[in-house]
Amino acid sequence: MRPLTSKNDFPSKDDFIYLNAANVALMYDGARQAIIDWTQDLAENGSNNFDEIAEANVFESLRYFTAQLFNSDPEDISIGSSTTELLGSLAWAIAPGADKNVVSTNIVFPSTVYPWQRVARSTGCSIRLVKEQNNLVLEDDIIGSIDKNTSVVCISHVEYGNGQCFDLETLCSAAHEMGALLIVDATQSAGAIPINVNDCSIDAVISGGYKWLCGPFGAAVMYLAPHLQDKLEPGLVGFRSNKDIWDLNAERIDYPDSAKRFEFSTMAYGNALGLARSIEYLAQMGIDNIFEYNLLLADILVEGLRKRSANITSPLSGKYRSPIVTATFDGIDPSSL
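Numbering (the UniProt record's numbering), first residue to last: 1 to 337.
No wet-lab data here; the hints were simulated from the structure. It is possible that part of the hints are untrue.
[To be verified] In silico lysine-lysine, DSS-like type, Cα no more than 27 Å apart, as pairs:
hint: 1; residue 1: Lys-100; residue 2: Lys-231
hint: 2; residue 1: Lys-231; residue 2: Lys-148
hint: 3; residue 1: Lys-319; residue 2: Lys-307
hint: 4; residue 1: Lys-231; residue 2: Lys-243
hint: 5; residue 1: Lys-100; residue 2: Lys-131
hint: 6; residue 1: Lys-131; residue 2: Lys-319
hint: 7; residue 1: Lys-148; residue 2: Lys-131
hint: 8; residue 1: Lys-307; residue 2: Lys-231
[As the list claims (entries may be wrong)] Beta-carbon label-pair distances, calculated as ranges:
hint: 9; residue 1: Phe-16; residue 2: Met-285; range: 17 to 27 Å
hint: 10; residue 1: Asp-247; residue 2: Pro-334; range: 53 to 63 Å
hint: 11; residue 1: Leu-129; residue 2: Asn-23; range: 20 to 30 Å
hint: 12; residue 1: Asp-15; residue 2: Phe-239; range: 21 to 31 Å
hint: 13; residue 1: Asn-8; residue 2: Asp-140; range: 40 to 50 Å
hint: 14; residue 1: Gln-284; residue 2: Asp-147; range: 39 to 49 Å
hint: 15; residue 1: Ser-111; residue 2: Thr-328; range: 40 to 50 Å
hint: 16; residue 1: Lys-243; residue 2: Ile-17; range: 24 to 34 Å
hint: 17; residue 1: Tyr-18; residue 2: Asn-289; range: 16 to 26 Å
hint: 18; residue 1: Ser-111; residue 2: Gly-144; range: 45 to 55 Å
Bear in mind the structure is a predicted one, so any value in this text is a computation, not a measurement. Glycine included, each C-beta is placed from N, C-alpha and C at the ideal position.
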């Protein structure tokens, strides 16, 4: 197979073959260099170069390339430090009431459901975690848990533990039919699987940058549908929450009429610049091409695992498949591997 990338794009060592992008990816060298350059300039020049205008506009390149990634408008994109931060602020903004429920799964990564559990302690809403069957969650079971009192369906696009990919169009239709929102944690898919928010009018998509996006820790992105942008008051606010971040009037908050209202604070700005470079790089290759290539690599891995008598527990065909492959070996504790 011909590689999609140049070896120079990822300055990894020659003594291993890296297969763990679903946990922490190797960082694109252009991202690494962007972070170094910004940090070096800040160290040497302080605010002489990184002045008020630069700080006000520091997220714009990441906003632009993330909009390309999700096929949205840049005004629909918010930048934060982590998926948990953005989802937590969004959960408090929605704050389902005591007569409402939130639907997720019992095998989702905990950070995807913890914010809702915390909100539930204050508002009294109920949390419905759909149980897996033989390591997979049936979409029909998720749909069967959605009713007229469901406020939010919050899932991971790809389950971290088994690689199961959910059909977002199907779940979006089911949620909207009951008046619920579909909020997607795409940290295990963004950059590896195409995501088009217009295919099914997804309400929110959030992703960290350090997995398939090949960026750094400390930077994350969120798509927020236009119909929510002027309705939700962020759960976390700060000086960047104001439409003009340098209009430092402590007597009021004038939120932007866009997803920017969920940006609230200073952060490791260089990491946002680095993530912008990574997403730009991936876009040049094409997410469709990356997805196809990764599935071919996964086929090779599955073939080798089966020769070693492994039991493959990930979906291997159809729309439920992702590049993540999980396997077990009879008589061997997975934690010992």
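#### Entry: Those earlier numbered hints the structure runs against, lowest number first
Checked against the structure, the hints that fail are numbers 8, 12, 15, 16 and 18, while the rest are satisfied.
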